[in-house]
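Chemist: Following the hints, position chain B against chain A.
Top line first, the protein sequences correspond to chains A and B. Quick note on numbering: UniProt numbering labels position 194 of the first sequence as 194, and the sequence is numbered without any gaps. Quick note on numbering: UniProt numbering labels position 362 of the second sequence as 362, and the sequence is numbered without any gaps.
Bear in mind the hints are in silico, worked out from the structure with no lab data behind them. Errors might be hidden in some of the hints.
You can't tell identical chains apart in this list, so a pair holds if it fits in one copy or across any two.
DMTMM-like cross-link-like pairs, simulated, lysine to aspartate or glutamate; straight-line CA separation at most 20 Å [what the hints assert, rightly or not]: (1) Lys-47 <-> Glu-59; (2) Lys-419 <-> Asp-378; (3) Lys-97 <-> Asp-141; (4) Lys-138 <-> Asp-98; (5) Lys-225 <-> Glu-273; (6) Lys-374 <-> Glu-235; (7) Lys-377 <-> Glu-68; (8) Lys-123 <-> Glu-13; (9) Lys-126 <-> Glu-309; (10) Lys-355 <-> Glu-417; (11) Lys-97 <-> Asp-87; (12) Lys-374 <-> Glu-59; (13) Lys-123 <-> Asp-385; (14) Lys-374 <-> Asp-236; (15) Lys-123 <-> Asp-386; (16) Lys-126 <-> Asp-385.
Protein chains: 2
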Amino acid sequence: MRLSRYFMPILKENPKEAEIVSHRLMLRTGMIRQQSQGIYSWLPLGKRVLDKVNAIIREEQNRAGAIELLMPTLQSAELWQESGRYDAYGKEMLRIKDRQDRPMLYGPTNEEMVTDIFRSYVKSYKNLPLNLYHIQLKFRDEIRPRFGTMRSREFLMKDAYSFDLTKEGAVHSYNKMFAAYLRTFNRLGLRAIPMRADTGPIGGNHSHEFIILADTGESEVFCHKSFLDRSIPGEDTDFDDVAGLQAIFEDWTKDYAATSEMHDEAVYDAMPEGERISARGIEVGHIFYFGTKYSEPMGAKVQGPDGKEHLVHMGSYGIGPTRLVPAIIEASHDENGIIWPESVAPFDVVVINMKAGDEACDAASETLYAALAKAGKDVLLDDTDDRAGTKFATADLIGVPVQVIVGPRGVANGEVELKNRKTGERETMTIEAAINRLAG
Amino acid sequence: MRLSRYFMPILKENPKEAEIVSHRLMLRTGMIRQQSQGIYSWLPLGKRVLDKVNAIIREEQNRAGAIELLMPTLQSAELWQESGRYDAYGKEMLRIKDRQDRPMLYGPTNEEMVTDIFRSYVKSYKNLPLNLYHIQLKFRDEIRPRFGTMRSREFLMKDAYSFDLTKEGAVHSYNKMFAAYLRTFNRLGLRAIPMRADTGPIGGNHSHEFIILADTGESEVFCHKSFLDRSIPGEDTDFDDVAGLQAIFEDWTKDYAATSEMHDEAVYDAMPEGERISARGIEVGHIFYFGTKYSEPMGAKVQGPDGKEHLVHMGSYGIGPTRLVPAIIEASHDENGIIWPESVAPFDVVVINMKAGDEACDAASETLYAALAKAGKDVLLDDTDDRAGTKFATADLIGVPVQVIVGPRGVANGEVELKNRKTGERETMTIEAAINRLAG
Numbered sequence: 001m002r003l004s005r006y007f008m009p010i011l012k013e014n015p016k017e018a019e020i021v022s023h024r025l026m027l028r029t030g031m032i033r034q035q036s037q038g039i040y041s042w043l044p045l046g047k048r049v050l051d052k053v054n055a056i057i058r059e060e061q062n063r064a065g066a067i068e069l070l071m072p073t074l075q076s077a078e079l080w081q082e083s084g085r086y087d088a089y090g091k092e093m094l095r096i097k098d099r100q101d102r103p104m105l106y107g108p109t110n111e112e113m114v115t116d117i118f119r120s121y122v123k124s125y126k127n128l129p130l131n132l133y134h135i136q137l138k139f140r141d142e143i144r145p146r147f148g149t150m151r152s153r154e155f156l157m158k159d160a161y162s163f164d165l166t167k168e169g170a171v172h173s174y175n176k177m178f179a180a181y182l183r184t185f186n187r188l189g190l191r192a193i194p195m196r197a198d199t200g201p202i203g204g205n206h207s208h209e210f211i212i213l214a215d216t217g218e219s220e221v222f223c224h225k226s227f228l229d230r231s232i233p234g235e236d237t238d239f240d241d242v243a244g245l246q247a248i249f250e251d252w253t254k255d256y257a258a259t260s261e262m263h264d265e266a267v268y269d270a271m272p273e274g275e276r277i278s279a280r281g282i283e284v285g286h287i288f289y290f291g292t293k294y295s296e297p298m299g300a301k302v303q304g305p306d307g308k309e310h311l312v313h314m315g316s317y318g319i320g321p322t323r324l325v326p327a328i329i330e331a332s333h334d335e336n337g338i339i340w341p342e343s344v345a346p347f348d349v350v351v352i353n354m355k356a357g358d359e360a361c362d363a364a365s366e367t368l369y370a371a372l373a374k375a376g377k378d379v380l381l382d383d384t385d386d387r388a389g390t391k392f393a394t395a396d397l398i399g400v401p402v403q404v405i406v407g408p409r410g411v412a413n414g415e416v417e418l419k420n421r422k423t424g425e426r427e428t429m430t431i432e433a434a435i436n437r438l439a440g
Numbered sequence: 001m002r003l004s005r006y007f008m009p010i011l012k013e014n015p016k017e018a019e020i021v022s023h024r025l026m027l028r029t030g031m032i033r034q035q036s037q038g039i040y041s042w043l044p045l046g047k048r049v050l051d052k053v054n055a056i057i058r059e060e061q062n063r064a065g066a067i068e069l070l071m072p073t074l075q076s077a078e079l080w081q082e083s084g085r086y087d088a089y090g091k092e093m094l095r096i097k098d099r100q101d102r103p104m105l106y107g108p109t110n111e112e113m114v115t116d117i118f119r120s121y122v123k124s125y126k127n128l129p130l131n132l133y134h135i136q137l138k139f140r141d142e143i144r145p146r147f148g149t150m151r152s153r154e155f156l157m158k159d160a161y162s163f164d165l166t167k168e169g170a171v172h173s174y175n176k177m178f179a180a181y182l183r184t185f186n187r188l189g190l191r192a193i194p195m196r197a198d199t200g201p202i203g204g205n206h207s208h209e210f211i212i213l214a215d216t217g218e219s220e221v222f223c224h225k226s227f228l229d230r231s232i233p234g235e236d237t238d239f240d241d242v243a244g245l246q247a248i249f250e251d252w253t254k255d256y257a258a259t260s261e262m263h264d265e266a267v268y269d270a271m272p273e274g275e276r277i278s279a280r281g282i283e284v285g286h287i288f289y290f291g292t293k294y295s296e297p298m299g300a301k302v303q304g305p306d307g308k309e310h311l312v313h314m315g316s317y318g319i320g321p322t323r324l325v326p327a328i329i330e331a332s333h334d335e336n337g338i339i340w341p342e343s344v345a346p347f348d349v350v351v352i353n354m355k356a357g358d359e360a361c362d363a364a365s366e367t368l369y370a371a372l373a374k375a376g377k378d379v380l381l382d383d384t385d386d387r388a389g390t391k392f393a394t395a396d397l398i399g400v401p402v403q404v405i406v407g408p409r410g411v412a413n414g415e416v417e418l419k420n421r422k423t424g425e426r427e428t429m430t431i432e433a434a435i436n437r438l439a440g
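So that you can see chain A by itself, here it is in the shape it has in the complex:
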């Protein structure tokens, strides 16, 4: 992408309304724009990051055997009356009447709808286990949306729903998502800690929140420090291995970790002081096992091997991509801007032409741009006529992992400079060497 033809509206000033660093940086880099209270547009730079986050979530959901579909945003109120949640869900639910005066709502979550899909088609235990997910917009009419897309009203959620014949089966389905979440957050450059959690309006009695530690987090959390270097399930994880996944679950839940709602001070205080962590955290995922809470009122049953009908055991599993983006920034930035993990960076490389219009600089920049693009890299070419200082500041601000600096003096020797955004390390090398290094 040539910056001269891109739409990346960098703000010169720090926006006053932003209270936390991720919100400030997302506004400054032109990643997002507020359209109404708690409702945002994702501008092109933000959209690129969001797409990469979604792609990783999707890969790990698929790896764990979940199947993607797409449910609509608007739901009929009837479904929620069936489950009993229509009246129970408070003012956060956006209730709507259509032109025929039928009561609808903008889905805050999809347990009812997916249960309705399930009961319409699945009649036998032979089609279980089943895990259906989608990545779809949700709306929760928060009284106080804030921190940009960290707590917005219209937001994106990946929500998966598992269906099993038995509780034991459902526990395995839960463990699959548990392991998938560990892998997902790790690939996003985040260390997420699963904590026993309250179940809120989703219900059930077995639930974990995945929390990343951050000073700006809204929750107070308590855990053992062992979580900071616990090993992540590998790419070769066998999601059909019941005992293997249970072992991962046990390893990751044997030490103390709880949000303030579930905090047990006595247990926490019993740990040696040097092993305790008391911090603030951001919830980036939440998984629930809730048995027959929805299958019972909605009649979601299958025929078992015994020939009888059984209510299915269900769980649901949420990740918020539009919250993950600021969470990643909270975890990875410095005074000059964002430092993207490679896996979600909007561009892999930015080629900075220090002197656009100079024949040699233009030629070298174009050579690099074409070679890296051909190698399948996402490359941003800063071909604008801004001053070099502005270009360096922008490159640091938007946090692309590698900068290739093309200046007149270097190019005269056939050389360019590589800068690592994270470490600040710089290295001078020939254009060819730079291409070989980065195209790999």
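Modeler: Chain B only, in chain A's frame:
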């Protein structure tokens, strides 16, 4: 994907509510499910097709220089009051009040919001031309939604918006989208004919609908038969070439083509009878140039090279992916089911294990499945214990372009059968030859 672990709920009976073939086939194959009137879930098979359609649209938008972002579904009424469309837009607009009693709406289109984004950031002609697009859900509260996702209330739209300093620039932007649309529909296996069109609630005076001919189309259309074999702009089209794109536009608009609203009977009747086509058509795209209709009331201005402020000239360009899927089916099916063009088929190949549980058949099927998946193909493996006849019928119904039939007799000779879904041609060959043929 192993069918035994997939969610593809095939209906045995033709659903009674479906009036047209695409709706019937989408329901029968478990591609979609109606959740409320005119509101659909895209089940896994449908979601795969929809994703492939979106990917092609996106590639061609990007090739033409459009830049992707993502605007929200809910909009503030204020924006629409600014443009004057809040009152003008009828009951199709879904009006909503949030918990603070603020008037909102579910966007039926995004001219106002994108103009608001534009005016907030772009101040100079140097940043033009600009074309911003998104693929986002829209809602239009149709009084009579029908034909499945062909005319639904919640639907997906790719909508692009161009901004130029002058009318001449805007015409070039229009021509870019015109050429991109020809390429897009062609890649989707559709022959779309651009027709002069009425502009409706979007406004403006220069507009084309892209129509595919189909007996079940809702519009009556009239055109010259030359459109049926006119050549499509190539992959090497230079979208910066003003004269080249204008030539494409002129070539594709020189012959008569109009929807009934714009029909000129005298001109049509003047054509030799053998060259006339009078048919029904499905609108799959619509592009508009509307000058300063939105930039004027909303104050979207840039500084020109003359130092003065100029209202920008705008256009908008829509394609409905959720309508394209049934349109493709209308254009490509037979009495046994769907015949997907390769570019959007949910799977490239289906491997049919005629005798799951038979050691030799299982081994051959797994070899094929693994080799084709490794080659990057989307493969469906029918490893269920259904009867062979059911499996053949399902494979034909869901319309995967190539079937590999693995049966005990063939496998005893190391052979499998390839069937081309479209032509019905069958060919017997070794497993290795089948892999070489299909992995390429």
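Chemist: Looking back at the numbered hints, which does the structure fail to meet, lowest number first?
Modeler: none
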